[in-house]
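For the protein sequence lines, the chains are B and L, in the order given.
Under this note's numbering, the residues of the first sequence are numbered 1 to 321, in order.
Under this note's numbering, the residues of the second sequence are numbered 322 to 642, in order.
Mixed in with the good hints, there may be bad ones.
[As the list claims (entries may be wrong)] Counterexamples of contact, computed for chain B against chain L with all Cβ distances above 10 angstroms: (1) 20; (2) 22; (3) 28; (4) 51; (5) 237; (6) 250; (7) 277; (8) 284; (9) 295; (10) 301; (11) 310.
[As the list claims (entries may be wrong)] Computed, partial: chain B to chain L, Cβ under 7 angstroms: (12) 44; (13) 45; (14) 239.
Just so you know, these hints were derived from the structure itself, not from any lab.
From the three backbone atoms N, C-alpha and C, an ideal C-beta is built for every residue, glycine too.
Protein chains: 2
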Amino acid sequence: LMPLGEWGLVDWVKKSGGRMPAGVTGPGDDGAVLPWKQEADLVVTTDLVAEGTHFFADADPVEVGAFAAAVNLSDLAAMGAQPRGMVAACGAPETVPDEWFQGIAKGLWRALQPFDCPLVGGDMKTAPARIVTGTAFGAVPHGMALLRSGAKPGDVIVATGRFGGPGAALRALEAGRVSRQEMMRVVFDVQPRIEMGIAFRDTGAHAAVDTSDGLARALALIGQGSGLAVEVDLEAVPLHPMVEQEGLRDDPEGLLGVLAAGGEYELLAAVAEDALQEVLAAADDSGVPLSRVGVLRPGSGVHGTLRGDRVDLGRLGWRHR
Amino acid sequence: LMPLGEWGLVDWVKKSGGRMPAGVTGPGDDGAVLPWKQEADLVVTTDLVAEGTHFFADADPVEVGAFAAAVNLSDLAAMGAQPRGMVAACGAPETVPDEWFQGIAKGLWRALQPFDCPLVGGDMKTAPARIVTGTAFGAVPHGMALLRSGAKPGDVIVATGRFGGPGAALRALEAGRVSRQEMMRVVFDVQPRIEMGIAFRDTGAHAAVDTSDGLARALALIGQGSGLAVEVDLEAVPLHPMVEQEGLRDDPEGLLGVLAAGGEYELLAAVAEDALQEVLAAADDSGVPLSRVGVLRPGSGVHGTLRGDRVDLGRLGWRHR
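Build out the structure end to end from the sequences listed, making use of the hints.
Right under this line is the structure:
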């Protein structure tokens with residue numbers, strides 16, 4: 001573990017208001033130390049974002065850092081965990097100036113601060129390309145983590161936010177209708193649903209998952225994880241304005257394509273019918289759009305209805321790396 | 322967090338005897354979940370290893386994975402922490418077959434198993450080059466983590482293992498005296514000193530650090546961290562056989578060069594004179610070579626004696642990434 005101080009960032013952190021919670025030993029030693037005195041399970045997740053795959057070499061490092069933090073927080077949210085800290089390892093070619101690393105750290109803090117989640121350490125290395133690996137850890141009351149398994153027949157599937165934005169933005173870029181910058185603004189616009197993850201957990205949701213690999217894939221994970229079939233009403237899935245802009249609402253194939261593309265970092269949860277009102281009220285309190293998109297039934301597979309047609313969502317592709 | 326199952330590795334893990342401790346939810350969900358029911362502080366560390374910087378593109382991925390795990394465990398050792406789990410994020414170009422990722426996971430497990438430390442999750446992404454980021458976490462009784470600060474005037478500095486191997490091996494490679502494979506065997510030979518880290522902690526060592534960035538740098542970290550001067554007897558520093566082989570024992574400049582090169586992943590600890598016997602006995606029990614290499618004094622700076630000459634070790638270079 002390289003001290004962030006070696007990046008000249010301990011100073012930056014102080015100046016920016018980024019602050020370590022009391023009792024936390026952050027950057028500057030071989031490891032970070034966090035008091036963990038309550039009876040809470042530890043939830044850990046790691047995500048790698050790489051030049052060429054997730055961002056362009058000339059992307060603003062602050063945006064890249066914020067994205068790297070947000071996608072990790074989204075995984076914690078899907079587990080119903082309260083973020084407690086994050087570490088990040090960054091690599092870049094020798095020709096990349098230290099300011100790039102500083103930008104990454106600034107972006108990480110920007111995304112972490114709203115959740116009182118400190119950047120407790122990191123690593124910085126010469127690498128053949130720009131990459132950032134974030135690892136976030138959070139706490140959840142013992143035995144209460146939300147898994148993909150546990151959904152029950154009759155559970156309603158609810159989804160936060162809106163879908164299809166990143167897929168539609170990529171399509172628009174390829175057709176020359178938006179700039180790279182406009183596309184990346186949609187891709188980088190990740191709002192970790194921490195509050196809703198905790199609300200799902202506290203209202204007794206049976207299962208949850210994040211939709212980073214696409215809505216279809218996320219539905220399949222809950223269905224397979226719980227040994228159930230998923231029926232989804234595709235017309236009830238709220239769409240990102242970019243989907244409308246691309247005219248995809250009236251193009252079933254195109255719509256399914258952007259829904260399969262992923263990149264939304266929203267949450268799906270399986271909720272018992274009689275807990276639904278409480279969950280909707282929690283979403284309302286948080287100002288998070290929450291939609292009822294489907295239901296779980298005995299059986300297997302993921303099917304949707306779109307304009308009266310029955311669609312097999314299991315056939316939608318999914319890149320595993 | 323991508324389930325390792327998507328790498329086809331959950332099966333591999335089962336076949337290899339890699340096993341999750343009871344109560345741990347490992348790969349296959351948005352995050353790993355570990356029960357953390359004792360009053361133990363959480364210690365977290367992250368390290369990135371990259372093609373070109375740490376290994377050649379054609380390196381055996383099993384060796385690369387084992388190295389990535391070992392360097393993280395070494396940081397936990399330096400904190401006096403008991404390893405509890407690890408996650409790893411791997412990137413490689415699309416042309417790299419899945420077998421490379423499987424080799425990485427196999428290597429990670431190989432290094433983790435001796436410490437009963439499970440690989441609880443990971444991520445796998447397309448990236449412009451081969452990289453592995455490991456993040457390890459461990460437990461330490463509340464308030465007992467070994468930091469760089471805390472050493473006291475009169476403390477003895479002890480060091481595990483032998484020094485100069487990686488630096489001498491690189492020198493030998495550059496001169497054509499060893500093959501890339503022979504050099505990498507020395508570099509990849511990392512033995513995480515977990516048992517000694519815990520022994521340092523339990524015998525009341527005042528400070529500890531790992532020597533990954535070189536002996537000189539590690540001595541400086543303890544000195545600066547504790548506000549003290551370091552006096553080191555360079556002739557008491559045990560040397561790797563490769564250093565002898567390169568004829569560096571009788572070449573003070575060359576010797577200082579390989580000692581500054583780093584890559585040893587050994588531990589330094591600051592121990593009170595009256596705790597020294599207990600520490601040496603613990604090392605003896607563990608079969609770990611432990612040497613008395615220096616002492617801490619009021620003041621600042623890091624100086625060594627070599628053949629009667631006083632050497633300023635503060636001047637030795639140190640690459641910060």
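Please check whether the beta-carbon of residue 277 of chain B is more than 10 angstroms away from every beta-carbon in chain L. Holds: least Cβ distance 26 angstroms, greater than 10 angstroms.
Are all beta-carbon distances from residue 295 of chain B to chain L longer than 10 angstroms? The claim holds: residue 295 of chain B sits with its nearest Cβ about 22 angstroms from chain L, beyond 10 angstroms.
Nearest-CB test (10 angstroms) between chain L and residue 20 of chain B: Holds, since 13 angstroms exceeds 10 angstroms.
A cut-off of 10 angstroms on Cβ-Cβ distance, and residue 28 of chain B was said to be off the interface with chain L. Does that hold? At roughly 7 angstroms from the nearest Cβ of chain L, residue 28 of chain B sits no farther out than 10 angstroms, so the non-interface label is violated.
Grab the minimum beta-carbon distance between residue 237 of chain B and chain L and tell me whether it stays above 10 angstroms. The claim stands: residue 237 of chain B keeps its Cβ more than 10 angstroms from every Cβ of chain L (closest is about 20 angstroms).
Closer than 7 angstroms between Cβ atoms is the bar; does residue 239 of chain B clear it against chain L? Give me holds or violated. violated (24 angstroms)
In terms of Cβ atoms, is chain L entirely out of 10 angstroms range of residue 301 of chain B? holds (19 angstroms)
Can we confirm that no CB of chain L comes within 10 angstroms of the CB of residue 22 of chain B? holds (13 angstroms)
With d taken as the least Cβ-Cβ distance between residue 284 of chain B and chain L, does d exceed 10 angstroms? holds (24 angstroms)
Residue 310 of chain B non-interfacial with respect to chain L [C-beta, more than 10 angstroms]: holds (28 angstroms)
Over 10 angstroms from every CB of chain L: does residue 51 of chain B meet that, or does the non-interface label fail? Non-interface label on residue 51 of chain B violated, nearest chain L Cβ at 6 angstroms vs cutoff 10 angstroms.
Any CB of chain L closer than 7 angstroms to the CB of residue 45 of chain B? The hint holds - residue 45 of chain B has a Cβ within 7 angstroms of chain L, the shortest such distance being about 4 angstroms.
Violation of the numbered hints given earlier is confined to hints 3, 4 and 14; the remaining hints are satisfied by the structure.
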